[in-house]
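J.: Given chain F, work out where chain D should sit, using these hints.
Heads up: the sequence lines are chains F and D, in that order.
Residue 29 is where the first sequence starts when you use the working numbering, and the numbers rise one by one after that.
Residue 226 is where the second sequence starts when you use the working numbering, and the numbers rise one by one after that.
Calculated directly from the structure, the hints in this document are not laboratory data.
Please note: incorrect hints may appear among the correct ones.
[Claimed, not checked] DSS-like mimics (lysine-lysine), calculated; alpha carbons at most 27 Å apart, straight line:
no., chain 1, residue 1, chain 2, residue 2
1, F, Lys-315, D, Lys-490
2, D, Lys-490, D, Lys-252
3, D, Lys-518, D, Lys-506
4, F, Lys-162, F, Lys-126
5, D, Lys-448, F, Lys-315
6, D, Lys-518, D, Lys-490
7, D, Lys-570, D, Lys-506
8, F, Lys-126, F, Lys-108
9, D, Lys-518, F, Lys-82
[Unchecked claim] Simulated DEER-style distance windows between Cβ atoms:
no., chain 1, residue 1, chain 2, residue 2, range
10, F, Val-57, D, Asp-512, 38 to 48 Å
11, D, Glu-572, F, Tyr-194, 41 to 51 Å
12, D, Asp-374, F, Glu-350, 40 to 50 Å
13, D, Asp-547, F, Asp-283, 17 to 27 Å
By construction, the Cβ of each residue, glycine as well, lies at the ideal position given by its N, Cα and C atoms.
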Amino acid sequence: MSAVAEADQNMNAGTPFLEVNDLRMYFPVTEGIIIQRKVAEVKAVDGISFSMNKGETLGLVGESGCGKTTTGRCILQLEKITSGQIVFDGADISTYTKAELSQYRQRVQVIFQDPFSSLNPRMKIREILAEPMKVHGIVPDTRKRDERVRELLNICGLSTRFADSYPHEMSGGQRQRVGIARALSVNPQFIVCDEAVSALDVSIQAQVINLMEDLREQLGLTYLFISHDLSVVRHICHRVAVMYLGKMVELADCDELFDNPIHPYTRALLDAVPIPDPTVEAARDHKVVPGEIPSPMNPPSGCVFHPRCESMVDGCKAAAPEFREVKPGHWVACTEV
Amino acid sequence: MGVSSFTAIFRQCKKRIQDTWGVAVAKLLRIENLKTQFFTSAGTVRAVDGITYDVDEGETVAVVGESGCGKSVSALSVMRLVAEPAGRIVEGRIVFRGTDLLSLTEEEMRRVRGKDIAMVFQEPMTSLNPVLTIGLQLTETVQQHLDVDEATATMRAVELLGLVGMSDAERRLTQYPHHLSGGMRQRVMIAMALSCEPKLIIADEPTTALDVTIQAQILELMKNLTRELGVAMIIITHNLGVVARYADRVNVMYAGKVIETGTAKDIYHNPRHPYTIALLKSVPRLDRPRGAKLDPVQGQPPDLARLDDGCAFRPRCRYAVDKCAVAVPDLETIDGIHKSACFEKDEVDIALKVAS
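In isolation and in its complexed conformation, chain D is listed as follows:
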């Protein structure tokens, strides 16, 4: 039992689904005008403020942005894990394989979570239960969703641990999370996410807490597994290097909105939003000798409870014009799937070309 047998089972399942439903579903997930808000004593925090993007089958989509830009909340919204009553999805649709997840009952949603859509969290230290064995945590999900007996679930757990590159899998099942290192715990999290052959994995900063060599191991593992198993992935990160290495498509978020979207090449080689440009200029490069000083964007990200009618990036933007204060720019197509939400997107491009 290895990767190959698992892949074969997966292919069979996929074929059966396609036979039953008649067609292969192209758009796996479509998020439409999603708005998630938190109602606090300090006012309404518009954490996610009307984002739209989709994920195709087998594709890796990155959501990138800095702390507090709403990238994690948008992921939690897809899983419907936003903590109520403070937080609420107030508007929008999340269509997963033809079904709007927001119309499901809690009981129906429970069947989707962990089975069709799985999540890998940032902190492997806190997202595993410290008082349950690894085996129990792995088999719990399998038994819950796949209706199998304990022996089968245990076999599946052993297979999964092998799949994520953990040696001596049988012994691991009896261990507790504190016996494992951070990298190993994250492997267990990935095994749990894969346990019910999901169609989509949402990875929220999956390697941020790990050392670089371990980060590389985990990311390679996730890339290979998603490719072999045909699983789509949304990877949420603030690390622009990780995005460049793994993502097919990129959504850049700022203050609750997607401000630029496109292929990785569009975003890195032809950025058309001032914030994306600023972000790229803020990162020192490992592969180049030190040139000039970094050219960071000045100021702080805005308070999401006190947004005005204009573009949220305006106070920090060096291309801002009067119009930016009165209206929020929409995402407009530049070329193919490359879109930018900036009134001055053409001027930005000209200015960049002149500067270089």
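Bound-form chain F, shown alone:
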């Protein structure tokens, strides 16, 4: 068990619900059509560790290509991980038998970003919601299943008349509610929300955020909330982890992270987000972090953030900083703090 997971566990005194230890996911880059050989590796996720308790919402934030979605996909077993360990409710998920894996897929569900491409356009909403129940044999009786579909629509704030609609007849917000209802159809305990509200307009986004919070309270759900929208993350999460180029750079309680960010990248990220208040904005110092995110195929040596970092020293180029606890519950991967 890694130091992070261990400390988290001690702090919360109990077995964590989900534990990720030194997770690595490298995608091979191949060349050649018939005889393929590996020419490089994309280090999408490069050794991250964290743990989550039951009922907790952990925010995973970062910019495109930082590996936050890949982390979610690894937990969902949609990728075969390169190395590391994912422990769910006390058992390593790589050791699961077929039957256990099926059960795992029932307990762990996902809500995707794009409500337009994540619903089958040729299926009615009724079929979309009933299919998972059928597959997992939860409600074998067809009539009861129909009843459950109506119940799910109600829970998610949709009129039951939508049961006979197709996805194209609905707006983006309504479709996202169907996505949530589908995830709930198999009574999951853990939901990976991958940019679940990012594609929605603000007023609709607020409705869906409230829905997700209500469901969390009523059903005792645990969310891994993957998002690039830091304002939403601050609103919905208990703890937040910041990722950059496949590495975790900071992890802390939500308010602690937003009020006292330590890692230079976290600080730059928070500075970059405009706040909807002209007076606050006028008083802010608009520092802009230069440069772009390097390619994960050829990440910088040492600390991956050093080419863009303002507090960079020579040591940063040589060795990757250790992810250490600087305050109780506040973890940072930076030597200069």
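T.: Quick look at chain D alone, frame taken from chain F:
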């Protein structure tokens, strides 16, 4: 050749124009009662339904609203790029430096587009031509509008890329859009927009597709350039934070109409339209610990093909009265340039003050 020489050239041009025309033109653009409609099999969609606003020289005006409120169509209308025959500007005037753009022929309009008024689109991936080099796309505009030879145009292209903060400009000219990242492509779009020293840039969601640190870079760049070069900008966005950071004046749109307009401070600190209030309450704040739950407006935006005689926001409005169903409220002055289109705008204010 850097920002300073470019600025000097611009100042000279501006002075010459002012000398020639006698006066400095204050109102750069005035949109009057603009109506753009789409004629579809499902009925007439009133995408832009009688909007009026103006832009002063060197000013940054934001148009904010949610999907389908007509903010992009209003921008396309100014450029006269609404796709005919389905879409048509049916009424109104768009007066740009004294000329009604709607009275120009297509040939005359072509000379305005890209030269006097330039546009930066949302998707840098799709708005650049993938089979032409960056250099060709930049010089094309310059040669088209400024009547210069290729060598001069290339020099200008190099200067422009430097201006938008792209290193190694000469090499960039030979590259194709797919060689560049999203942020770099948007820089190229801005360079293209600036290439002919426009008076007005319309930026339609210029940073929506970009990551936050890159978004901050691009917005700072646009702010600095518009300030240095004295270019006015209409920035169209759904991001209330971006508006608060950059806009001098704000127009809030809903269902094809401007429902509230004023300075950024008016809109954020003293909102007088229920929709503006709802919008502000829907956004979680990064700078404050989580307080209560969000208080979003219920329901969906209306179908623009099926609008009735009343206020379009009425079905979702918690302040609605009987009058709202029979008449559409006009924009009425509250204070200075702050206007709201709501019958209950004073009651809204009282209710807000009581609540807080």
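J.: List in ascending order the numbers of the hints, as given earlier, that are violated by the structure.
T.: The structure conflicts with hints 12 and 13, although it agrees with all the remaining ones.
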